[in-house]
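2 protein chains.
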Amino acid sequence: MQGELLERYAKLVAGVGANVQPGQQVLVIAGPHAAPLVRAVAAECYARGAVFVDPWYFDPHVKRVRAEEADPDTLEFVPSWYPKRLLELGAAHGSRISISPNVPPGLLDGVDPALAGRDQLPSLQEHFSVINAKTTNWSVVPWPTEEWAAVAHPELDPAAALTKLEAELVYVLRLDGDDAAAAWRERGAELKEVARRLTERRFDALHFEGPRTDLTVGLLATSRFTGGGSTTVDGIDHMSNLPTEEIFTSPDPARTEGVVSATKPLDVSGTVVEGLRVRFAGGRAVSIEADAGAEALRARCAKDDGASRLGEVALVDREGRIGKTGTVFFNTLLDENAASHLALGNAYATAVGEEERSRINTSSIHIDFMIGSDDVAVTGLTSDGGEVPVLRDGRWQI
Amino acid sequence: MQGELLERYAKLVAGVGANVQPGQQVLVIAGPHAAPLVRAVAAECYARGAVFVDPWYFDPHVKRVRAEEADPDTLEFVPSWYPKRLLELGAAHGSRISISPNVPPGLLDGVDPALAGRDQLPSLQEHFSVINAKTTNWSVVPWPTEEWAAVAHPELDPAAALTKLEAELVYVLRLDGDDAAAAWRERGAELKEVARRLTERRFDALHFEGPRTDLTVGLLATSRFTGGGSTTVDGIDHMSNLPTEEIFTSPDPARTEGVVSATKPLDVSGTVVEGLRVRFAGGRAVSIEADAGAEALRARCAKDDGASRLGEVALVDREGRIGKTGTVFFNTLLDENAASHLALGNAYATAVGEEERSRINTSSIHIDFMIGSDDVAVTGLTSDGGEVPVLRDGRWQI
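Sequence order for the protein chains is W and D.
Using our numbering, the first residue of the first sequence is number 323, and each one after it goes up by one.
Using our numbering, the first residue of the second sequence is number 323, and each one after it goes up by one.
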C-alpha cells in the first residue's frame, strides 16, 4: 500500500479509528516492517494537532531470539519503563494506535511453547487497566507483510500472496469505496443499535449450538453488549478495531459450561493452534485439546488464576466483509471480526455496571478464539427459562 | 552484511564494544533499517547472559514528518518516559548500544533548520548524565544504509554505493582480519599509552595551526586525555566507539581563542554543513559561517548558554583506517575518528578531576566538527610559555 491509498488509510486510522485530538500524545505500536504506515499515520496525527507521535517499534524477531537464547528464568522480566510508557500516556489522556500483527503468525513455530508463553511482550497487564480506565482513544488496525501473507495464502508465491492479502485488507477496511469514514460511521451505528437491543433483553446466558459445540456462557446481571465504537471519559468517540464487526460483553467468569470447538485456527503470539476443542466446567477451561499447537494455549492458560476463564463473549453476523473473503487470516483482529468468538483471560470492565466490576474476570492474558459460523445457532436464555433466538444462519433474530 | 560476517560483527559489538555482562539490561538505539544488526546483536547479548534486550527503534522519517507538520511551539516536547528509560537503565547499571546513523545524513534537507533544531531526539540531556555517571558500559557502532551510502558516494548507483560503504565499514571496523577483537584490544592499548603521555605533560593549552586555522584551546588544570576505551564504576571495560581512533579531553570552556576551519563536512542531525568556519573569543563561538548549512549549526548553538562553548577537544593520528579510505562519510562516528576535532556543547565529566567537574561545559547539545588533517600542526603550550610539538604531518611527536 502506498501513495494516495496509503494516505487515505492513514486518514482513516487517525480519524474514524483513533480520532486523534489536538494536543494529544499518540503511542503507535508496530513492527519495524510497518514503518510506511507508521510514517503516514504520524503525518496525519501531526496534521490533526498531535503534540507528539511516539513510535514503539516492537521487533518480533528479537522476541524469538530471546525465547531461543535467554535464560528461561528471565523470560518474564519487563523493564520498569515499559508499564510507565502506558500508564503515563493514560494519565495524559493520550491516544494509542496499534498495528497488527505485532508478531506475524507462525513466527514462533519451533520455539518451546512453554518458553514462548512466558514472554508476553508487547502485551502488558497495564494495557488492560488503561483500556478499562477509558482515558485513551485507541484503534487496532492491520498492515500486510510478506511473513503474514505467506501464512494466510501458502498456495501463492510470496509476491502474489502479499498482493492478495493487501487487496483483502483494502476490501475489509472499506477503503475500496469513495468514503471509508462514512461507511464505518454507518456500520458503527448498525452495530450500536443491535448491541442496544441485545442489552435490553437482559439474558441470563447465551447458548451456542453447532458441530461439536454445545456451550452455555452465563452473563452477569449488568453485562452490557457493546459494538461499533467506544467513547472515552472525555467524550472522544473512537473505533477500537478497524475493521470491527463484533458485538461483545464481559460474561460471568464462573458460569460457562459445556464444550466448544473453534471454527477457525488462531495464532497465539506466533504459534498457530488448529482444531481447538475446549471443555468448560464451573467457568473454567478444564480441557484444552487441538490438532496442533494446544500446548501454546495451555501454557498461557496456566499463567494465572483467571487465564482459564472467559473474559469476553462476542457475536458477529454475516454482514461483515471479513467472513465473505473466505480467508483464514491467522490474525485475531481480522478473524475475530469474521465470526462469533470467546476470549480467555481479562475482561472489559466497561462492559458491566459499576457495581459488578469486581466480579468480572482478571488475568494477564486475553486470547480470542473463534467459535461462530453460519452453522452455529446462538440463543439467549432468560432467567425464567425462556429461549430467544439471537443468531440463525448468521443473521440477527432480534 | 549478513551471515557469518554479520555474526562476527555482532560478537564484536556485544563483546569488545559494549562488553555486555550476565544479568544486564541492554538498550539498543537504532533506526528501523538497522533491524538485521539489532537482531544479531540481541542474540549475542542473550548468549552472554543479558536479562533483556530493549530495541529502541527511532524512526528518522517520523522526526522529519514532525518538523514539517507539527505546531512549531511543540517541537521541544519529550514524553516523560523517554528520560526515564535512560535514567532507570543507568540506575540498573545496564548496557547501551547505539547504531549510527540514527538520522541519515541529509534526511532533514529542506526542513527549516530553526525548526529542525528544536527537536533534539533521539538525543536527550539525560544521555550525558548517564555517560558521566559511568554506570553503563556502552558502544556506538555503524550500520550501512542506502540513504547514507547515497550521500557518502553520490557518484555511484545506489547498489554500488551501498556495497562500497559496507566494504569500507568492514575495513575500518577491522572485520577483514581473523580476529577483530584482538586488533581492537591492541589499538586500544596504543591509544591509552599516548593518552597517558599527553596527560603527563599537563599542557595549559593546545594550539592548532593550518590552512585558515589558528586556534588556541585552553585546558583545565586536571584535564585528562582519554582514548582506547573506558571503564565503568563497576570496572567493566568497554569501547564507547567502534571504530575508535581518538584521544580526547574536556577543555576549559572559557579559554578558546581564534579561528578554525572544518576540514570535513559534518552532518547536523540530517543537515549537511560544508565549509564551516568558526571564530572563538573568550571561549564562545562568536561567528559561525559556512558554505552550506550554517543556520542548522547556529540554531543548535543558540539552544542554551553552553551550546556555543567547547565540550571536547580530540586528537587523531594518521594510523587509523578511516582517514586512509579518503571518504567523507558525513557521519560523526566515522569522520571524528578520521581527524582531530572539537565538539560544541556538553563536556565529559570523566575527563577532568573531581575538583574541576563544576568547571566543564554543560549543554543539551554535543556536536563534533573535524578540524584536523596532515596539514594541521598541533602544539602543546605549557604554562611557562613553552611549546611542545604534539602532532606533525599526522604523526605523534611525544
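No lab work stands behind these hints, which were simulated from the structure alone.
Source: prediction; values computed, not measured.
Any given hint could turn out to be false.
Covered stretches of chain D (in silico footprint by chain W; criterion: 3 or more residues with CB under 8 Å from a CB of chain W, positions within the stretch not fixed) [claimed, not checked]:
hint: 1; region: 348 to 362
hint: 2; region: 388 to 401
hint: 3; region: 461 to 472
By construction, the Cβ of each residue, glycine as well, lies at the ideal position given by its N, Cα and C atoms.
| task | Kindly indicate which numbered hints from before are broken by the structure, ordering the numbers from low to high. | result | Hint 3 alone not satisfied by this model.
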